[in-house]
Amino acid sequence: MNALGRIVVPIVAVLIFLGIWEWIVWVNQWPNYKMASPSDLGPAFWKFKHLFLQYGFDTLWRTVAGLGLSIIFGTVIGMIMGFSRVVREGLYPLLIGFNAIPKATVVPVVALILVGRDDLNTVLIAFLISFFPIVVSVSIGLSTLEPEYRDILRSLGASKMTIFWKIALPKTLPEFFGALKIAVTLAFIGTNLMEIVEPHGKGLGHLFDSGKISANYPLMFAVMIALAFLGIALYYIVVVLEQTFAGWAERG
Amino acid sequence: MSGTQEGGGIALRNVTHFFETPDGPFQVLDDFTMVAEVGSFLALVGPSGCGKSTVTRLVSGLLTPSSGDILLGGSLVTGPRPNVGMAFQNPVMLEWRDVVGNIILPLEIVARDMPQKARVERARELLELVSLSGFENKRPSELSGGMRQRVSLCRALVHRPDVLILDEPFGALDAFTREELWLVMQSLRKKEQFTCLLITHDLRESVFLSDEVLVMSDRPARLQYQTTIELGTERSLKDLYSVEVTELLAHLRHQIEVAQGRIGSESQIIDS
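Protein chains in written order, with our numbering: chain S, 8 to 259; chain P, 10 to 281.
Fair warning: there could be bad hints in the mix.
Quick list of simulated restraints, FRET-style, between CB atoms [as the list claims (entries may be wrong)]: (1) P:E151 - S:V19: 54 to 64 Å; (2) P:E151 - S:A240: 52 to 62 Å; (3) P:F35 - S:E153: 32 to 42 Å; (4) S:L101 - P:E46: 53 to 63 Å; (5) S:I147 - P:E46: 25 to 35 Å; (6) S:M168 - P:V129: 22 to 32 Å.
DSSO-like, lysine-lysine: derived pairs with alpha carbons at most 27 Å apart [said to hold, decoys possible]: (7) P:K126 - S:K173; (8) S:K110 - S:K188; (9) S:K173 - P:K147.
Note that these hints are calculated values from the structure, not bench results. Heads up, the beta-carbon is just placed ideally off N, CA and C, and yes, glycines get one too.
So here's chain P without its partners, still in its complex pose (with noise of 0.2 Å):
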């Protein structure tokens, strides 16, 4: 709704961050800094448990992080805000609700005014936007996994939120359904205005869907690799083929086992 403020969409400014544990303080994120401007789109990859999560939980200010400073629009995060939309791995849904009382859940609580009417339509929208009109009355119990994660999509961003913070959504998904759900996103793209934080284990959908990929060294976490995706804003899976794009896998294949520290560090170099 406000859109976009001075001073970039998210960003992270040398965070470090310590989960109490009864074994002392666990360190999960060592000096991270990371930006992503408005309306982009970046992808953070890493090894498992390498505190993906605990960023997406810091942005969304959930988590309040031990050190360093975490700004969405420009604004200091100090705690939860209506203008964060998030989607799972797990897609969550109120079953006794349908379909369009799940999406319309976020503005029951960020836009108390809005009438119940308007509210409809704003899901109706977005339900054409991912391919799903005409299920606006359907039980989540009658979905599959793949249109239970496009109404979670659906429900993330009906508040018009400025950042998008989607979490593994399409982890769980079979390979085809995964392929249909990035198509969905990018035309989601297209029409809705968000920045948009990807955490994800898939290399190629980071490829496909972002601006830039950012690839996290292992526990406590840094940032130790990033590109930018040049492949412009109208992309196909068929791109996903070609020899450039293989390369680029390849390369960042090739990051991803030196943060799990697999090969030496000499190959470590940040080329953007």
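Isolated chain S (complex conformation) (with noise of 0.2 Å):
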């Protein structure tokens, strides 16, 4: 597929999306207050058009600082759980019990201890949710390094830093890209979870919620499709970064 097609085909696979929702609405002849259709979306933006920057602004930083902090202490666990056979068998038990709480249940209690702090509390819940797959990543990527790799380097008296930075890490790049795929979409879960869950005035998880509280349901839909619209933004950002740092695991 040539450029050109590579952006108009998903284009126009969402517009006969948003078609066959018109026409589902338009034909079962439901009142906006059971299902809005996309025409009412245009006018839901523009009516609430500085809330969904500044909220949308609110959402997208703090999951991004969500995920910068689960890349940073995904990596730090991830290799030295990689490197360290005891510990990766002592924490995988507690890492998988960790993942495996739902997060609904922990948002309450990250509320509750850090009442007040809205931004923090938003923040963790995003890196808490998101962690997870990077740290698996990370340490299975350094954990399974085939032995002639160390040999080659270590028969030439190379320091484990320089096996490190020289083969582990690179190696490890298109499994950490693929992990933070994942881990991009699960932060955004995480950050509008605290936003509808414990609102505090801020994100699109508010505006989701006031919304849902005066019955506006073109502007509910218009939050959801307005977060699904991040979402891919945020998902491709990660593609283009992978395709700069780790584009030759692609086999053409």
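Dock the two chains into a complex; use the hints.
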């Protein structure tokens, strides 16, 4: 597919999706308070455009901050687990157990502990929900390094740090970016979870909540579409980073 | 680079080695002794799992023997050293680097001050020797198995090591590619100076490439048999089908069977 096709085809797919949606609402004669249709969304966006920009920014920066923490802590913990068998075996059950807890149950706990610190507790949930895939990918990438790699460099007297920088780190990048694609969506869900479950007047989750309270269905749907849009944007930023730093892993 | 010190290329003196396992010590080598003269090519054959790869790890300093001495260029091996080059059956490549980038990897560790231009020049020189000129900027994923193994040989030799260790480098290749690689090895030997220790399961390969073939006994391995290959330096694949070589191969095959314990020990003669 050429460059133009790669842009046009997804846009056509989105337009077809919106068309079907509009058609279903029209055919069933659903009123606005049951199901909004795409043609209701434009006015909703326009009417609340300042709130969308402001709240969208809140959601965006807190998601990116949470993801940033995930990358830092996930990589460090993943590295330790990748290099040390004892740490790996010791931490795995703990991490899996922690990951298994539904984050909706953690939200009120975090909100209570950090009461009033809205930005911090939202970033924290985004971090908590998204760091697991990064830990796993980094630790697996490092612990499955072929012994030949190590032997070639070690037999020349290379230090552990040299082996890490020259081989282990770049070799782990494809797995890392694979995990980052999952983590970016998770972090986004985490941010919104906090904003919706414990509304504190910030973020798109709060806008959704106010739409719900005032029974403004077009607004709720507009928020959902805005969230989808932000999610897609974040995801493709990761894809671009992946192609820049780990494009070699793609076989032609 | 430093080339030929006094006292031989590779020497193992009365080397015994145990691995620690949960079931207690596990003996791999038993009083193993061998010498490879400077510039010579030695092939090590023996039953599977007899400890051949342990020998390569000991020579390269990745392992320390339980007892006995290992000498390279007359000096005792106490740990990894930069004058060794290695190539394995699995020609692992850094997939994110091109062919030249892979070949110069050892130089980045042992010759940090060497200018990048000189490194690339050296890589090109070797690529020409293995008939891969024009592949400098290919990715490893674009190479066939035989090509990868050629690149792996270049990487093993790029820093002009005194000792080249080949651990079954051609084992996973098809028969014709393998023969091509034997010829590549032969031309490398003419241009580059190294003492080579080749581990192989292929008796024809051992005879074609080496000056001496050593047969190891089953675990715990000792040197069971050793023979000099008198085929001169100009060898062609056709030589492998001569009567003498066929008889030699049959004799070596017999020694392997003795090593595997399938035939009585009365035929254990060391005739070198």
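Status of the hints after comparison with the structure:
{"no.": "1", "hint": "P:E151 - S:V19: 54 to 64 Å", "verdict": "violated, 34 Å"}
{"no.": "2", "hint": "P:E151 - S:A240: 52 to 62 Å", "verdict": "violated, 34 Å"}
{"no.": "3", "hint": "P:F35 - S:E153: 32 to 42 Å", "verdict": "violated, 24 Å"}
{"no.": "4", "hint": "S:L101 - P:E46: 53 to 63 Å", "verdict": "holds, 58 Å"}
{"no.": "5", "hint": "S:I147 - P:E46: 25 to 35 Å", "verdict": "violated, 46 Å"}
{"no.": "6", "hint": "S:M168 - P:V129: 22 to 32 Å", "verdict": "holds, 25 Å"}
{"no.": "7", "hint": "P:K126 - S:K173", "verdict": "holds, 20 Å"}
{"no.": "8", "hint": "S:K110 - S:K188", "verdict": "holds, 19 Å"}
{"no.": "9", "hint": "S:K173 - P:K147", "verdict": "holds, 19 Å"}
Checked against the numbered hints above, the structure violates hints 1, 2, 3, 5; every other hint is satisfied.
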